[in-house]
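Per mature numbering (1 follows the signal peptide of the UniProt record, and there is no 0): the sequence shown = residues -20 to -1, 1 to 81.
Everything labelled a hint here was simulated from the structure, so no lab data went into it. Note that the structure is predicted; figures quoted are calculated from it, not measured. You may find that some hints are simply not true.
[Said to hold, decoys possible] Per label pair, the in silico range of CB-to-CB distance: (1) Thr23 / Tyr68: 20 to 28 Å; (2) Asn66 / Glu30: 15 to 23 Å; (3) Pro67 / Ala45: 28 to 36 Å.
No residue lacks a Cβ here, since even glycine has one placed at the ideal position from N, Cα and C.
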Amino acid sequence: MRSIVLWALIALGGVPLLMGAANQSHPYGVSFDNGTCTYRNITLKDGYSEPFKFPCEYWSCNATAKTLTIDGCNVPRYGSCQYVHNPYFYWPLCCRMSRAC
């Protein structure tokens, strides 16, 4: 599995923090407001995690540190095939991909 961490402080450059902004939106669509993390119109409370089917990901919210950690699937390269995840299961079982060549 690969981890993608979206760091709000880096994305913001620290400017809104200096200005004392309460609600902080980011170029990547991540925002942290009132102890929640919001991304792709989905909101998680601070300290909560959520597995998803589509997209096949696992999200962990740390609103205190202003980070949203997203674990996805590792997709191996194999020629010109497209990899399709299993739409019937939640993460990590949905990572069992099949090749469509």
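Cross-check of the supplied hints:
For Thr23 and Tyr68, the hinted distance range of 20 to 28 Å is satisfied, since their beta carbons lie about 25 Å from each other. For Asn66 paired with Glu30, a C-beta distance near 18 Å keeps the hint of 15 to 23 Å intact. For the pair Pro67 and Ala45, the beta carbons lie near 32 Å from each other, so the given range of 28 to 36 Å is met.
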